[in-house]
Amino acid sequence: MRIPTPIALPLFVATLVLVGAGCGGGESSGVITADGSSTVGPFTTKAAEDWKAAGGSDVTVGISGTGGGFERFCAGETDISNASRAIKDEEAAACAESGVEYVELQVATDALTNVVNAENDWVTCLTVDQLNAIWKPGSEVSNWNQVDPSYPDVSLKLYGAGTDSGTFDYFTDAINGEEGASRSDFSPTEDDNVTVQGVSGDKGALGYFGFSYFEQNQDTLEALEVDGGEGCVAPSVATAQDGSYTPLARPLFMYVKTSSLADTEGLVDFVRYTLENEQTIAGEARFVPMSQEQIDEQLLKLEDATA
Numbered sequence: 111m112r113i114p115t116p117i118a119l120p121l122f123v124a125t126l127v128l129v130g131a132g133c134g135g136g137e138s139s140g141v142i143t144a145d146g147s148s149t150v151g152p153f154t155t156k157a158a159e160d161w162k163a164a165g166g167s168d169v170t171v172g173i174s175g176t177g178g179g180f181e182r183f184c185a186g187e188t189d190i191s192n193a194s195r196a197i198k199d200e201e202a203a204a205c206a207e208s209g210v211e212y213v214e215l216q217v218a219t220d221a222l223t224n225v226v227n228a229e230n231d232w233v234t235c236l237t238v239d240q241l242n243a244i245w246k247p248g249s250e251v252s253n254w255n256q257v258d259p260s261y262p263d264v265s266l267k268l269y270g271a272g273t274d275s276g277t278f279d280y281f282t283d284a285i286n287g288e289e290g291a292s293r294s295d296f297s298p299t300e301d302d303n304v305t306v307q308g309v310s311g312d313k314g315a316l317g318y319f320g321f322s323y324f325e326q327n328q329d330t331l332e333a334l335e336v337d338g339g340e341g342c343v344a345p346s347v348a349t350a351q352d353g354s355y356t357p358l359a360r361p362l363f364m365y366v367k368t369s370s371l372a373d374t375e376g377l378v379d380f381v382r383y384t385l386e387n388e389q390t391i392a393g394e395a396r397f398v399p400m401s402q403e404q405i406d407e408q409l410l411k412l413e414d415a416t417a
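Residue numbers (the working numbering): 111 to 417.
Since the hints were derived computationally from the structure, they do not count as laboratory data. All values reported here derive from a predicted model rather than from experimental measurement. Possibly wrong hints are sitting among the right ones.
[Said to hold, decoys possible] DSBU-like cross-link-like pairs, simulated, lysine-lysine; straight-line CA separation at most 30 Å:
1) K267 to K313
2) K198 to K246
3) K162 to K313
4) K313 to K246
5) K246 to K267
6) K411 to K162
Could you put the whole structure together from the sequences, leaning on the hints where they help?
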């Protein structure tokens, strides 16, 4: 399948409601509900838009962060939990306690991206060690010349994912060696657009989020290459696919409640549609598409869950 040229991302909203006739199963008797990761949200939003255009059933997409999404999901409030990391043991236990069973489906890949202000002309690449020095718990790095003596005397202001975010968990694990291990004196947010605004408005700022947010805002931000030990590598579709963008390439997931697959009209068709059209949806929403082999594996998991 041809991977399409990315186009502009849709606007992100806290909740998007898509209304249409039922597809392949008559008219929908309810609404498919999804919530969770702000990173995966744009992918699911695009899938829902395309599903609507194909005559699909109603879908709502919320963006409360991966952790917040799992809280709602394990409480039985949603059909799909979007996640930018795998479910944690304690979250799985909460689902089990509530009797919520699920199937984990990978839906795309991401290149977690470090960004600086467009006027920053002194840094193009940071090593993992430098990122660790900046972000580790107790770090007192507050100026760019503390990162590298050749950098100018410019105050360093940090923006990052909120502590309820899967992006926060993944970044801290990859850079600091432990999920949740981070300095606390930065500006955290569950809304990546806040990081966009903060970094684009401060010449000395540094932030991180999913690749799609950089792609949408590359006129005002610069993406940094990362040296994970094999030289500087820029975040991109190609480097995330070939594994060279380490350690910040990551899988993205949908967790689908198995009881909803039976009870929520249109859900099976929506999830199947999303997987079968993953490469188109990922390309349009500026995510890294999966290989056809990966897609086929996820479709088999869906079929097993509905057997």
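Status of each hint after checking the structure:
no., hint, in the structure
1, K267 to K313, "holds, 9 Å"
2, K198 to K246, "holds, 22 Å"
3, K162 to K313, "violated, 41 Å"
4, K313 to K246, "holds, 22 Å"
5, K246 to K267, "holds, 15 Å"
6, K411 to K162, "holds, 24 Å"
The structure does not agree with numbered hint 3 stated previously, though it agrees with all others.
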